[in-house]
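Sequences and hints are given; from them, build the entire structure.
Same order as they appear, the protein sequences are chains Z and V. Here the first sequence stands for residues 12 to 327, numbered as in my numbering. Here the second sequence stands for residues 29 to 217, numbered as in my numbering.
Among the clues, some could well be false.
[To be verified] The calculated lysine-lysine pairs, modelled on BS3-like cross-linking and capped at a C-alpha distance of 30 Å, are:
1) Z:K65 with V:K183
2) Z:K137 with V:K74
3) Z:K65 with V:K74
4) Z:K184 with Z:K145
5) Z:K262 with Z:K152
6) Z:K219 with Z:K262
7) Z:K145 with Z:K65
8) Z:K118 with Z:K184
9) Z:K65 with V:K202
10) Z:K262 with Z:K278
11) Z:K262 with Z:K118
12) Z:K152 with Z:K184
Note that these hints are calculated values from the structure, not bench results.
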Amino acid sequence: MSDHAAIEEHAVLWRARQEEPGWSADDQAALEAWLEESTAHRVAWLRVEYGWRKVGRLASLRSPNAPAAEPQRRPPARLWRPAALAASLAAAVGLGSLALTGGFLHKAYVTEVGGHATVPLADGTKIELNTDTKVRADLEKTQRTVWLDRGEAYFEVAHDASRPFVVYAGERKVTVLGTKFSVRRDHNRVIVAVADGRVRVEEVKQKKPPTVVTRGDTVIAEPAATLVTPKSIERVESELAWRRGLLEFDKATLGDATEEVNRYNRKKLVVEDPQAAAIRITGSFEAENIDAFARLLRQAFGLNVQEDGDEIRISS
Amino acid sequence: MVDAQRLDDWFLSEVMPLEPALMRFLRRNWRNTSEIADLRQELYMKLYDAGRAGLPTQTRAFVFRAARNLLINRALREQVVSIELVADLEALDVADASAGPERQTAARQELRRLQVGLDRLPPRCREVVVLRRIEGLSQREVAGRLGVGEDTVEKQMVYGMRALIDFMLGGSGKIRRGPAARPAKAGEL
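Here is the structure:
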């Protein structure tokens, strides 16, 4: 099925060679013959042609008055360096999704209900805040500390062996041994999902031995218990769908799903009877499109949907 | 029959600009992200073949209708009909009515995207792409400048082009290396 990747690579190779000074009429004829072979070749070629022209057009726009004329000297992580911090924050604030609140000690980053923002820290770490979230960060010489005061955040931690990276979420402490993971806080429960690398989860008071979790695992920690559920990496990614503005459900009950949808919206869904709450749903949804979600329940399950001020009541 | 040149022109000027919106549509409605590039390719083939018989007057509506039919057929075949398909059929009518705003994407924004796309490439690969595409050096000159073989330059160039094209068309810019590679498990989160 996936020979399209091979065809695409082939088309790109043709395109690259066509730009070479030695490109001849014979080469051109060979290319045309290849294109005639199948529609698959033809459309792959046209797509490459389109995309590459776009790059070329922009590149020519860019070179005469480009602010930095030599991009090859620029380190790849440029966007997350401190200089870019103020600008990205300003942009995020402009969108109304992120507020930078000054504290005496730590920088705090806040999103509102339905908000979503990415915060680059000065060490190169990237924190992505989900809806209704507050984090504070403190970067010291010997340790990097983040407090998740509420909500959910996804972390891509810049590697720095000399400065451990620790996230405090309520009674739990998450020490980063790897790179990419999310932490979510619901009242007393803390959920850690690891997309890449390893993290150590322990109680702040350290009464019990720590739990080390790796890629694809999820930890659900409550005051009395810590549960590790080894899931597939796909599951973890599905749980991180909020980063794309989506919620993904796999046979979730409507009760659980509405609770999840409500996290992102001021308007709230209220499921009125247990039969309706027990319906299982699968699919992906735009987190903030609560009206579409409600409409769907009516269409797909024939449920009654009634709007009542800031509530949408659902019953069977 | 539509002649070949007109068909290609139609595809380049009418179909390709829809790719970012189309990919959003596919991503939203198809759970298995590793199959999306295949779906796109299959759709493009169908569109191109359909275009031979006659070009549609409303390309946008034509493309999205074909995309929807492709998804429905696939879903039925794989028996994974999920309710989000129902949702989007309704949204689709709205999308059809409005002319695509992505065509007017400001050049500035695209320029910025190009910069980000370049920054995302591995350093050596970025260097090759910049020298060849932006500074206009030939493969041999690039190889000489960087002190590597022409084969290496070509390989880097192909990888960089694929990633950059994908990124400029609204993708993640992450390309599986090598045609035989397994579908990427961890795509863009």
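Results of checking the hints against the structure:
1. About 21 Å separates the Cα atoms of Z:K65 and V:K183, which keeps this hinted pair within 30 Å; it holds.
2. At roughly 41 Å between alpha-carbon atoms, Z:K137 and V:K74 are farther apart than 30 Å, so this suggested pair is violated.
3. For the suggested pair Z:K65 and V:K74, the alpha carbons sit about 24 Å apart, so the restraint of at most 30 Å is met.
4. Among the hinted pairs, Z:K184 with Z:K145 is consistent with the structure: their alpha-carbon atoms are about 16 Å apart, no more than 30 Å.
5. About 46 Å separates the Cα atoms of Z:K262 and Z:K152, which puts this hinted pair outside 30 Å; it is violated.
6. For the hint pairing Z:K219 with Z:K262, the CA-to-CA distance comes to about 34 Å; that exceeds 30 Å, so the pair is violated.
7. With a CA separation close to 40 Å, the supplied pair Z:K145 and Z:K65 exceeds the 30 Å bound.
8. Only pairs whose Cα atoms come within 30 Å are accepted, and Z:K118 paired with Z:K184 is accepted, the gap being roughly 19 Å.
9. Simply put, Z:K65 and V:K202 have alpha-carbon atoms about 18 Å apart, close enough for the 30 Å limit, and the pair holds.
10. Of the pairs offered as hints, the one joining Z:K262 and Z:K278 holds, with about 24 Å between alpha carbons and a cut-off of 30 Å not exceeded.
11. As the CA atoms of Z:K262 and Z:K118 are separated by approximately 39 Å, the hinted pair breaks the 30 Å bound.
12. Distance restraint check for Z:K152 and Z:K184: the Cα-Cα separation of roughly 19 Å lies within the 30 Å cut-off, and the hinted pair is therefore satisfied.
The structure does not agree with the numbered hints 2, 5, 6, 7, 11 stated previously, though it agrees with the rest.
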